[in-house]
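There are 2 protein chains.
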Amino acid sequence: MRILTFLTSSIPIGHTFFTRLTRSSSSLPLRFRTTTTMAASSSSEDSLRKALSEKLSEVESQGNQVRSLKKSGAAKTELDAAIEALNALKLEKASIEKDLQATISGDDGGSVNKEALRQAVVNTLERRLFYIPAFKIYGGVAGLYDYGPPGCAVKSNVLGFWRQHFVLEENMLEVDCPCVTPEVVLKASGHVEKFTDLMVKDEASGMCYRADHLLKDYCKDKLEKDLRITSEMAMELKEVLSKLDVLSAEELGACIKKYGITAPDTKNPLSDPYPFNLMFQTSIGPSGVSTGYMRPETAQGIFVNFRDLYYYNGNKLPFAAAQIGQAFRNEISPRQGLLRVREFTLAEIEHFVDPEDKSHPKFSDVAHLEFLMFPRDEQKPGQSARIISLGEAVSSKDSKIVDNETLGYFIGRVYLFLTHLGIDKNRLRFRQHLANEMAHYAQDCWDAEIETSYGWIECVGIADRSAYDLKAHSEKSRVDLEAQEKYSEPREVEKLVISPVKKAIGLAFKGDQKKVLEALEAMKEEEALKMKTDLESKGEVEFYVCTLEKKVSINSSMVTISKEKKKEHQRVFTPSVIEPSFGIGRIIYCLYEHSYYMRPSKDGNEQFNVFRFPPLVAPIKCTVFPLVQKQEYEEVSKVISKSLTASGISHKIDITGTSIGKRYARTDELGVPFAITVDSVSSVTIRERDSKDQIRVDVSEAASVVKDIAEGVRTWADVWSAFPHHSSGSADE
Amino acid sequence: MRILTFLTSSIPIGHTFFTRLTRSSSSLPLRFRTTTTMAASSSSEDSLRKALSEKLSEVESQGNQVRSLKKSGAAKTELDAAIEALNALKLEKASIEKDLQATISGDDGGSVNKEALRQAVVNTLERRLFYIPAFKIYGGVAGLYDYGPPGCAVKSNVLGFWRQHFVLEENMLEVDCPCVTPEVVLKASGHVEKFTDLMVKDEASGMCYRADHLLKDYCKDKLEKDLRITSEMAMELKEVLSKLDVLSAEELGACIKKYGITAPDTKNPLSDPYPFNLMFQTSIGPSGVSTGYMRPETAQGIFVNFRDLYYYNGNKLPFAAAQIGQAFRNEISPRQGLLRVREFTLAEIEHFVDPEDKSHPKFSDVAHLEFLMFPRDEQKPGQSARIISLGEAVSSKDSKIVDNETLGYFIGRVYLFLTHLGIDKNRLRFRQHLANEMAHYAQDCWDAEIETSYGWIECVGIADRSAYDLKAHSEKSRVDLEAQEKYSEPREVEKLVISPVKKAIGLAFKGDQKKVLEALEAMKEEEALKMKTDLESKGEVEFYVCTLEKKVSINSSMVTISKEKKKEHQRVFTPSVIEPSFGIGRIIYCLYEHSYYMRPSKDGNEQFNVFRFPPLVAPIKCTVFPLVQKQEYEEVSKVISKSLTASGISHKIDITGTSIGKRYARTDELGVPFAITVDSVSSVTIRERDSKDQIRVDVSEAASVVKDIAEGVRTWADVWSAFPHHSSGSADE
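Protein sequences, first through last, are from chains P and F. Counting in the working numbering, the first sequence runs from 1 upward without gaps. Counting in the working numbering, the second sequence runs from 734 upward without gaps.
Just so you know, not all the hints are guaranteed correct.
[As the list claims (entries may be wrong)] Derived, one-sided and incomplete: chain F residues facing chain P with beta-carbon distance under 7 Å: (1) I870; (2) D879; (3) Y992; (4) D1041.
[Unchecked claim] DSSO-like mimics (lysine-lysine), calculated; alpha carbons at most 27 Å apart, straight line: (5) K1049(F) to K662(P); (6) K90(P) to K76(P); (7) K971(F) to K1000(F); (8) K567(P) to K551(P); (9) K920(F) to K652(P); (10) K1095(F) to K136(P); (11) K638(P) to K1095(F); (12) K524(P) to K502(P); (13) K1091(F) to K652(P); (14) K1091(F) to K638(P); (15) K136(P) to K920(F); (16) K98(P) to K238(P); (17) K1440(F) to K642(P).
Rather than coming from a laboratory, the hints here were simulated on the basis of the structure. Even for Gly, the Cβ is constructed at its ideal location relative to N, Cα and C.
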């Protein structure tokens, strides 16, 4: 799967050729993260494990020594020396254990910090209703979340910007297709057969688990908490972890048996792993005979409409279609909060292009961009992404990394999209899929991965999927999904013509003549050319007829093979598709982590939460409050609020009597970028959230200043230099 | 069901108290439409049927007369006269038949015109990809449609305006909840039990039909095509039609039997009608034991979040929450194209308000509005909606129509919303639900109905649903969903206190004492007050203990009943909810019909299709084309296109060599309001779609003029008076 599948998965290895449908691709970031960490520390970890195991046997043998000295009634000095040596060895052992523990649990307590950061972010998000576990009053459902008011506004802003940045800028054809999808469509796409995870069942209770999750938990637990496993065992477990997502059902089952893994909740034995289809199934219409599924992605809706969309575009290539909508995946056991959910919003683009010309007219607009890229060949232990110029990545002759300009163009546009939203460019990388991660038909594939407290998260997949999807639907539906290139003038082409001589063949092969005839006609160009040469030189050749399962002898009286010139007016072909696919919920979660910070109150006794959302993304653009409770200030506030509403600027009035500092803190926590404080009836102050700088503006201008910044017409720096500054004095905090 | 359920339905009559869940409410517009038409013509139809039946017997008896004359060998003159009389009667019969046919098929051929209009609209919509039958290359699925590029843009514009008009203007809390919903939620709401239609099955083939559809088709067919049914039979069939949606399963079944209705496709016998639940069912998680449904409406997601949203709003009422999202209904056999579909977008508002104060501070903003309203008491045969002022409808003492100000406020806002989109105010009415259409708990309910070729279509439901939904979820989840009104100072209230004297009751009732005690404590206020009075006057009373199923004797030593004064600091109550609920797809379809017109080409030989969408709604705001193919014009076009993109204005460049008239026609058909024609490198013309007027504007200003009009900052009239006019000459058509 190209997107939204961060955790490791148990797709059998036999399916990995089918990247779109296997979920393996997604787990690689984690695998590599693990591998990289190991590379940095594994030599020391390894030697520490060896040292520990040596020290343990030294302690044991010294212990034996002490015991035998006691038994033999040795001299006190001798016994004391032996005991002293034993204690020294124990101390050394303890010291090695401590070092090993530190090495395993990760360097500098970073993982603890990450946990703490995540808790702080998640607490703020839940408390301020950015999201809410869905159906909370009924105990909730794993993997289903509501967006509360600020979360919903952020989502709406992200989607609005997506439409502007992609659909409008690129003149894409946006469509909107149903979620309920009949089985035939998802059979053609391969989802009915292959969109599975491997599952094991508690044989007594019937509880279900993802097989790879259990194996992963076992390995990690053993590696982290059991210091005394041998260095060899540690290597084996690490090897298993690195292969988790390519293990077959049989291999996974063998591991589970070997390590004696049982159901975590009951310790009951587990079934063998078997595939569970991740689509929500339903029935369309009342008869019960028409199976349907909730779509697992939005792309299929575009593919099945290719013909109409191509026509709508004036039968011209390239063009792109786009769709934003819900997608559904019935995860076996969702983990990781907002990152792996059972229902989510996807935004997908299918850019249809002539496979023989994947240049992009606007590539030069993005060629200058430089950012973290992680090419296939560099994904080795100890290596990490490095800054590469996109222009070089696509065009440089000897070190070309990205397959073609169109793919490169979209990588650049995705980079601009994400960083514009507020994703930290230092925690964003584009990772190329390894050859074994990609589908056999895929040309090239890159994931935009964002680093969070959970590690590197795959948020956007950008794949050149060649003609696979259109061909699959064309075959199943028997409707041509092709494009034509009309030649400006007819082209002369040489075609190979194979003309078997029926009479001669009939005489020679009697009852077999039909099969020989068909086999001759079905020859590929290369084979026919060779036969032509051989017949010309030898007059007779051996020819294998597969339907007869034997070779027959063909002579030059039986077939003429010639090259003829023909005029062609057009070329008919199945377009390639380049597919950028965005997991909107994941991008938003990453944005929350990247935007969050804490700042101390003035007295240093408190820590306040702040989200540094850019105005574009901020759920509320502005708060308006009277400095003190006073009727004329309240009226001014209402006047400003009314103009903001008329301009379409989301805002909030706060006329509670709370201190101004507390009110600022409340809006900072929602990521509101600006606060208008009414402290007179003629002019007001506007405060910027992160700098806490304030300017003084006429009442009549306040709304339009905020509108201009919110819509990107001006920046805070612009207005900072245009308006008088206001020193906050004691107002703020 | 308050929305999206236009056709008649077979909900058993026992359920009609449950309006939210029965689908009956929706069918009433149709019923009344039918009734009204009948009222206008039924007296003449009725007398024509009677006249026809009389004439038929006259023809018959005259025929007999002729035959007996022939038999008896009567004189030629006598026979001729009799034959002449017979022929005259036959002519009269034919004339009555013709009149009757005309009366039945409706007056002036209006229904034919409606059909033709619909076909023209639908053809244009399909050809230009406003919508596409979903999964078309696989033969499609009934009731599922895709929005193609222009349809998707219209939808996005309608939703954008909805957010501005409702969410932003009213400071609503927008949320976004999953479609997958666990069973418990929809059990609480009643959908699992009651959200059904009555279905019959072809007993041989298993094919399913909506029972009421078959009965309706039978009645209409009989009435329209069988002229010789008796006037009584005609009355009976009309009676059935008018009651279609309140017939029970048994009554429907009886009618189907009585009229001998069989399966339309096979003529096989049909099963008895039985309820079919309209929700798409699925299973959440891998175990198969957790049933889920695709939500049939978005409202429940808001109700279950009431507590958090109330807190988010600072524990203050009133406030409104809103949600836009997909809803799903597994219709038995979808008809009527885009009007009854299996998946659709709803936009719902739940406005929570103190049941004791439903005033609205902004009601005065809408009180002046006047539009077509159809109050409950006026929905009688022959009557139709009339123009009423909203202020009067809500406030006038003797003829108050709308229950409360908040309900009235939303009716007004919905009126403004719809007409602003381009719905014709003369084909929009607000119809009040009849008492038997509403749920027993509902306070009042109005539907915004829009007239189309299908008749009056329910597009928005605006209901005061009292506290029903919150109470249902509170009961099922055992979580309080209440609000508090804190008194500014404590209030003294009188409370009735019932204090049974345990000892005396124990002595008197022994083993029954517990049940007597409980029954006394459970007495309602009225009952207790009566007991108090009786005990005071008689010293002893008979008291029925339901758990004992008998009366016992209670005397004044056994219980004290007194009134005590208590101080209360707050009032705790379940808020009422006022719910405007919008069927977005229906509104859009109605908009298409209201916006469509045809205009002849200049030579009068062709008819061109035009959609007169307001700029707000138009899928593309502007086309840009060079007058003739010339490189410098193309470059100017691209410059203008670039500024339009930067301003976020959707547009299309057309550099094909087609004639300017054809290019205008192509964009008119997409409802593009403005066309910029580049006929020089310094200035261009901007043409308005409906008037075909053109102004001349500098190249540098063109984009911003279009932007201003598209965003409502200026009107066409404004720019018409500000810029020089351009006489189109031969360019246009």
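Structure-based check of all given hints:
1. I870: 4 Å, holds
2. D879: 4 Å, holds
3. Y992: Status violated, d = 23 Å.
4. D1041: 6 Å, holds
5. K1049(F) to K662(P): 19 Å, holds
6. K90(P) to K76(P): The hint holds at about 21 Å.
7. K971(F) to K1000(F): Roughly 24 Å between the alpha carbons, so the hint for K971(F) and K1000(F) holds.
8. K567(P) to K551(P): 36 Å, violated
9. K920(F) to K652(P): 37 Å, violated
10. K1095(F) to K136(P): 34 Å, violated
11. K638(P) to K1095(F): 14 Å, holds
12. K524(P) to K502(P): 20 Å, holds
13. K1091(F) to K652(P): Holds - the C-alpha atoms of K652(P) and K1091(F) are around 23 Å apart, at most 27 Å.
14. K1091(F) to K638(P): 23 Å, holds
15. K136(P) to K920(F): Distance of about 16 Å is within 27 Å: holds.
16. K98(P) to K238(P): Holds, at about 21 Å.
17. K1440(F) to K642(P): 23 Å, holds
Hint check: violations occur at hints 3, 8, 9 and 10; the rest are consistent with the structure.
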